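Student: Sequence:
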Amino acid sequence: MSVKQLIRTRSGEKMTSLTPLKAIRAQCLECVGWVANDVRKCSSPKCSLYGFRMGNLK
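Just remember that the numbering used here sits 27 ahead of the position in the sequence shown, which is counted from 1.
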């Protein structure tokens with residue numbers, strides 16, 4: 028299941044189709060300044076999305 032959503036990207040805004048996990052990943056990327064490696068190194072374990080940031084619950 029995916030939903031069309033307007034998201035912010037490194038180069039501006041874009042309309043895209045997002046699954047729930049892709050939406051979480053997009054939010055995490057925005058949070059860390061669009062540096063993909065920094066999503067893995069996230070230092071905010073109290074964030075409600077923290078457990079889902081790598082595509083699964085850990």
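Do not rely on the hints blindly, as some may be mistaken.
Taking lysine to aspartate or glutamate pairs in the EDC-like style, the calculated list, with each CA pair at most 20 Å apart, reads [what the hints assert, rightly or not]:
hint, residue 1, residue 2
1, 73, 57
2, 68, 57
3, 49, 65
Derived Cβ-Cβ restraints for the label pairs, each shown as a range [claimed, not checked]:
hint, residue 1, residue 2, range
4, 78, 38, 14 to 20 Å
5, 74, 36, 16 to 22 Å
6, 58, 30, 19 to 25 Å
7, 48, 71, 15 to 21 Å
8, 39, 73, 27 to 33 Å
9, 42, 63, 29 to 35 Å
Note that these hints are calculated values from the structure, not bench results. Being a predicted model, the structure only gives us computed values, none of them experimental. Just so it is clear, CB atoms sit at the ideal spot from N, CA and C, and this is done for glycine as well.
Student: Which earlier hints turn out false for this structure, listed by number in ascending order?
Tutor: 4 and 9
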